[in-house]
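Q: Please build the complete structure, drawing on both the sequences and the hints.
Residue numbers (the working numbering), protein chains in the order written: chain A, 439 to 782; chain B, 439 to 782; chain C, 439 to 782; chain D, 439 to 782.
Think of the hints as simulated: they come from the structure by calculation, not from any bench.
Misleading hints may appear alongside valid ones.
Note that identical chains are pooled: a pair holds if it fits in a single copy or bridges any two copies.
Said to hold, decoys possible - Think about it this way: if two alpha-carbon atoms lie no more than 30 angstroms apart in a straight line, the pair counts; the simulated DSS-like pairs of lysine-lysine are:
#, residue 1, residue 2
1, K664, K743
2, K743, K710
3, K664, K559
There are 4 protein chains.
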Amino acid sequence: MEIRKSFASDNNAGVHPRILQAVQDANQGHVVGYGDDPYTRRAIARFREIFGEQVDVYFVFTGTAANVLSIKAVTRSYHAVITSELAHLHVDECGAPENFTGCKVLVVPTENGKITIEGIKRHVHGFGFEHHAQPRLVSITQATEMGTVYTPEEIREIADYVHEHGLLLHMDGARLSNAAASLGVGFREITGDAGVDILSFGGTKNGMMLGEAVVFFNPELSRDFKYIRKQAMQLGSKMRFISAQFLSFFEDDLWLHNARHANAMARLLAEKLRDVPQVRITQPVESNAVFALIPREAIPRLQEKYFFYVWNEETSEVRWMASFDTTEEDVEDFVRIIRETLNG
Amino acid sequence: MEIRKSFASDNNAGVHPRILQAVQDANQGHVVGYGDDPYTRRAIARFREIFGEQVDVYFVFTGTAANVLSIKAVTRSYHAVITSELAHLHVDECGAPENFTGCKVLVVPTENGKITIEGIKRHVHGFGFEHHAQPRLVSITQATEMGTVYTPEEIREIADYVHEHGLLLHMDGARLSNAAASLGVGFREITGDAGVDILSFGGTKNGMMLGEAVVFFNPELSRDFKYIRKQAMQLGSKMRFISAQFLSFFEDDLWLHNARHANAMARLLAEKLRDVPQVRITQPVESNAVFALIPREAIPRLQEKYFFYVWNEETSEVRWMASFDTTEEDVEDFVRIIRETLNG
Amino acid sequence: MEIRKSFASDNNAGVHPRILQAVQDANQGHVVGYGDDPYTRRAIARFREIFGEQVDVYFVFTGTAANVLSIKAVTRSYHAVITSELAHLHVDECGAPENFTGCKVLVVPTENGKITIEGIKRHVHGFGFEHHAQPRLVSITQATEMGTVYTPEEIREIADYVHEHGLLLHMDGARLSNAAASLGVGFREITGDAGVDILSFGGTKNGMMLGEAVVFFNPELSRDFKYIRKQAMQLGSKMRFISAQFLSFFEDDLWLHNARHANAMARLLAEKLRDVPQVRITQPVESNAVFALIPREAIPRLQEKYFFYVWNEETSEVRWMASFDTTEEDVEDFVRIIRETLNG
Amino acid sequence: MEIRKSFASDNNAGVHPRILQAVQDANQGHVVGYGDDPYTRRAIARFREIFGEQVDVYFVFTGTAANVLSIKAVTRSYHAVITSELAHLHVDECGAPENFTGCKVLVVPTENGKITIEGIKRHVHGFGFEHHAQPRLVSITQATEMGTVYTPEEIREIADYVHEHGLLLHMDGARLSNAAASLGVGFREITGDAGVDILSFGGTKNGMMLGEAVVFFNPELSRDFKYIRKQAMQLGSKMRFISAQFLSFFEDDLWLHNARHANAMARLLAEKLRDVPQVRITQPVESNAVFALIPREAIPRLQEKYFFYVWNEETSEVRWMASFDTTEEDVEDFVRIIRETLNG
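A: Shown next, in the form of structure tokens:
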């Protein structure tokens with residue numbers, strides 16, 4: 439099988455050329471390792487311009503690490519984390535949160551990836567009762583695993599509830615760029631300004647080679663984070679090559695350009711499929727994902743030509759993701775092949 | 439302070455141009471994420487050519503991860519790991535081995551970084567006694583943290599002892615290239631063929647951007663390693679960019695060229711310092727490290743010009759590392775500055 | 439508040455006099471510590487007579503420990519445990535399973551404390567997919583947290599499903615005596631013979647001072663359990679005083695006498711309340727628990743006289759437990775006070 | 439082999455009759471579980487009278503648990519604990535400290551079980567350096583594993599050093615009674631008043647059936663300890679039966695009577711052996727332990743008659759422990775048998 443530009447995942451794409459150029463440009467001489475270098479200092483300064491001067495920022499290798507270390511930073515092993523039943527940290531991290539933090543993960547049902555106060559509330563009790571893992575952190579994903587997006591107001595509402603009950607709010611922002619682009623807002627409006635305490639900020643899925651950031655909006659929460667990152671095996675020695683990517687990511691709003699484009703390609707795909715009778719789009723297309731029900735028997739034939747993941751075997755729901763480098767031609771070709779396959 | 443090509447650490451260097459080119463070349467189109475891509479398949483095949491067809495290989499981000507995951511693969515939490523008191527895994531990993539595996543780390547005194555059967559033996563008892571953490575794994579470092587190198591015979595002797603007692607032998611090979619170049623042998627002679635069961639194979643310190651490998655010489659030991667890697671937050675999504683580096687690392691023996699050069703520069707530095715009366719070289723220079731006692735008061739003045747680490751504050755012993763990109767001019771300049779500073 | 443014989447929990451009761459006598463009788467001279475004593479040998483032999491000669495048995499201090507150590511024995515940290523959303527190990531152990539084993543706990547909705555294959559099935563997938571915690575163990579509680587009881591056939595059905603999918607079946611038998619007494623069967627019929635692989639066997643809630651046992655029906659599963667128990671801080675030095683209790687527990691079917699009595703007292707309580715209009719019994723009374731909806735405002739007034747726990751604040755459902763030492767007079771007095779309070 | 443009153447360990451003894459009587463007396467009616475009962479309240483009040491009104495006290499099942507939970511209370515996983523190379527928590531707890539806390543255990547060489555500031559100092563560095571597990575807690579054992587005893591001045595000196603460096607001092611007081619009796623001081627003089635921050639207070643080895651206490655001299659340190667105890671599977675449901683033992687333990691100085699007696703019997707044993715030429719006592723007999731070198735070949739023959747443990751196989755050093763119930767006749771009989779065996 440020749441792999442074309444697939445619709446499997448935004449991490450099947452490569453690196454944006456400008457970001458790769460930045461990596462190359464950073465390859466000059468020696469710099470001190472483990473983040474005590476000018477690239478990292480500049481990248482952190484850039485995060486502070488964007489998210490607020492008070493934020494504390496740490497780079498790690500993967501989104502799983504960003505989530506797990508966010509939790510570890512603010513919990514003890516007897517705490518509980520409340521999140522969506524579809525959350526990456528619950529479903530796709532092989533139990534890393536439980537294993538590395540000891541915490542219990544409690545889940546809230548969801549159809550569209552978002553959780554509500556009503557859902558969270560079910561787990562917010564038992565404070566002071568030692569038999570019960572103590573609720574400590576709520577984690578929401580922006581954009582969600584279903585491609586939907588929380589509005590700033592929705593986030594603020596959850597944040598207020600969370601804080602009223604003495605909890606903290608974490609946001610898994612592996613696709614925060616796509617959400618911000620979709621909402622037409624800056625990063626700050628949907629993170630710190632909306633009440634988020636800790637953010638996993640994603641670079642990899644929006645054109646970087648690798649690199650995620652943990653952003654603390656209250657630096658009290660990150661006081662011992664450098665030890666946690668090291669102990670978690672997430673401290674890179676030649677860190678400049680991650681930092682340089684972030685610098686490029688933010689330069690001239692490359693992140694926004696990339697995310698807008700990916701979102702647009704997802705919308706285009708969804709639109710072009712609306713009149714294919716065997717395809718039913720199941721979620722609003724608010725970022726770069728398209729979820730659709732398609733005939734079960736067509737799936738393997740289609741996967742031979744374009745690789746993608748089946749989201750739900752039982753309902754035969756599939757997920758298609760657009761990337762920063764998806765072209766209109768890719769979308770048209772894919773739609774053509776879908777039509778052929780379904781009609782074949 | 440302007441940072442020149444420092445002698446602080448081989449991870450202060452950048453990326454070898456050929457390796458960076460390979461990264462760039464791999465940036466073509468989409469490939470499946472998480473290692474199911476042609477670059478990774480080829481890189482694993484290359485490891486098998488080098489280390490033996492039976493080996494099982496997994497890429498991770500850091501040397502700490504390679505060590506910790508090697509331990510986790512073959513232990514339960516009630517096991518003990520025996521290693522040198524200077525071992526990176528004991529001294530420089532912020533307790534990551536204990537935290538991620540639950541195991542006890544037992545240490546053997548050493549002057550030159552190597553451990554002996556006599557030293558290991560002290561901890562090899564208590565089998566079947568449930569009050570005692572059960573010895574399971576011995577870990578040696580090649581080249582050692584003191585820049586010395588185990589001969590194939592020394593490794594074999596330890597391996598035999600270890601296996602006779604039902605234990606396994608791990609090698610931290612963060613600088614395995616330097617050791618192989620120094621001994622004039624291939625990788626296999628000082629790993630699998632000498633009785634090593636699991637190897638942390640280092641790329642970063644010998645010209646890669648990032649990337650280490652865990653190599654299992656007995657694939658029985660790695661049966662569930664893919665889950666461990668994921669749970670340890672060490673599964674890269676765009677893995678091709680690590681795999682491509684390894685392909686280049688091995689191509690036309692680039693690894694050997696790099697390591698030989700770094701070793702030669704360390705030897706040159708040591709030689710040029712032999713007639714500086716205030717400098718006493720404390721270890722045989724068998725890889726790319728030079729350890730030296732220098733006058734305490736000279737250290738900060740020297741660090742202003744060339745950054746490096748003090749190894750032992752009490753004895754005023756310092757460590758200087760050469761890299762793949764250290765030049766003879768760098769060495770000469772450094773020696774000149776050392777002389778000036780010591781005589782100033 | 440004077441505490442009478444409460445209906446709060448069967449662990450609010452004391453020790454059965456015959457069991458206390460056995461403790462006293464064991465206080466003769468010196469015996470080797472940590473279980474290498476004649477009392478423990480005899481107690482283990484007794485478990486083998488009852489559960490089958492092949493079983494392997496270990497005593498621990500608490501039911502939480504019995505559950506957590508059962509899981510630890512047969513899992514690695516990347517495994518998942520599937521259990522009821524009401525399971526003690528999920529709700530009442532402060533995250534001890536996650537913290538000590540690293541495993542993810544996945545829950546199945548239930549109304550009556552029992553789980554079905556339909557519910558388990560939802561979590562039985564993702565085998566071989568490294569992003570997903572690997573399902574390994576299903577845990578059911580007998581009698582359940584809601585006082586209901588699985589029939590031998592129901593257990594067998596679940597066991598067959600579990601084994602067909604390569605998983606293991608654990609039973610939390612904190613109240614196994616009550617279940618066996620209720621069903622009129624021996625322990626074996628509802629454990630090993632029905633397909634249970636590992637059992638947490640409860641002593642404390644049925645008249646012992648403290649002491650639970652972990653019973654392995656397949657001794658392959660317990661090969662390293664002695665290290666796990668020690669590392670889990672559950673190896674008692676003067677173990678004879680737990681072992682002696684178990685010997686007395688089984689002697690002349692004391693366990694059965696105690697459990698039957700507690701069950702009968704629960705049934706009596708339920709019967710006597712059937713004609714109190716403000717009380718609605720919500721679960722079948724199949725062991726020693728009675729669940730009831732009572733008017734919210736009556737709860738604190740009633741608790742002043744007889745302490746008990748509110749099961750569900752929202753629905754105003756309460757739980758009343760009978761013990762081995764509950765008398766008919768206690769029940770009558772309690773019913774009288776309920777009536778008075780509700781009518782007051 | 440008939441087991442006489444052995445000299446193997448003070449935990450081979452049974453329960454002091456007055457303590458067993460207290461257990462029996464506590465077996466009256468129902469009380470609330472998990473420590474919310476009058477016996478536990480009284481026992482805690484008693485600890486406060488003895489150790490100071492500010493102390494916070496929690497009961498657990500074993501000495502291993504008391505040590506491990508003390509560490510967990512005041513550490514994060516990236517911390518290090520410094521202790522003697524002979525410390526129970528390092529040697530005899532199957533890695534429980536590392537596994538439950540994630541911390542690194544760093545050891546100090548010792549001949550007599552005591553550690554010195556000189557020894558501790560070696561590990562007190564690397565603060566703020568994220569590659570290094572951060573020193574947090576020093577743990578000393580009183581009486582030590584070699585039967586020696588720290589004077590109040592020695593403890594104070596260590597405590598001052600420890601506090602000056604921002605660390606905390608833990609004391610493993612599994613045999614604190616023996617130390618206090620030996621020094622002729624109260625508990626407070628060698629714990630809180632001497633600068634100890636957290637104490638593992640032992641009951642089992644001095645006449646209790648089971649039960650140890652964790653005592654926090656600064657209640658700031660124990661703020662979340664109740665969750666830790668529960669999560670560590672150390673919260674007993676029928677806690678009154680441990681609490682009642684502690685009440686009896688302190689009543690009319692029973693603890694002192696027991697400890698003094700055991701100490702006296704150890705001294706008597708040592709004295710009576712002084713003129714046996716083949717026996718060399720190796721440690722000052724300051725509590726209830728006697729360490730001696732005896733001819734290797736005599737050990738198994740002697741063990742047939744009186745069970746005890748070989749402390750050091752290589753040097754053929756053995757350990758004999760006296761208990762609260764050791765009699766002069768036991769000592770004389772044992773000495774007689776030693777003589778016979780050695781001369782046989």
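Q: Take the hints in turn and mark each one as holding or not.
A: Each hint, compared with the structure:
When the C-alpha separation of K664 and K743 is checked against a cutoff of 30 angstroms, the pair qualifies only between copies, where the shortest distance is 28 angstroms, while the shortest distance within a copy is 45 angstroms. In this assembly of identical chains, the alpha carbons of K743 and K710 lie at most 30 angstroms apart only when taken from the same copy (18 angstroms versus 63 angstroms across copies). When the C-alpha separation of K664 and K559 is checked against a cutoff of 30 angstroms, the pair qualifies only between copies, where the shortest distance is 24 angstroms, while the shortest distance within a copy is 33 angstroms.
In summary, this structure violates none of the numbered hints.
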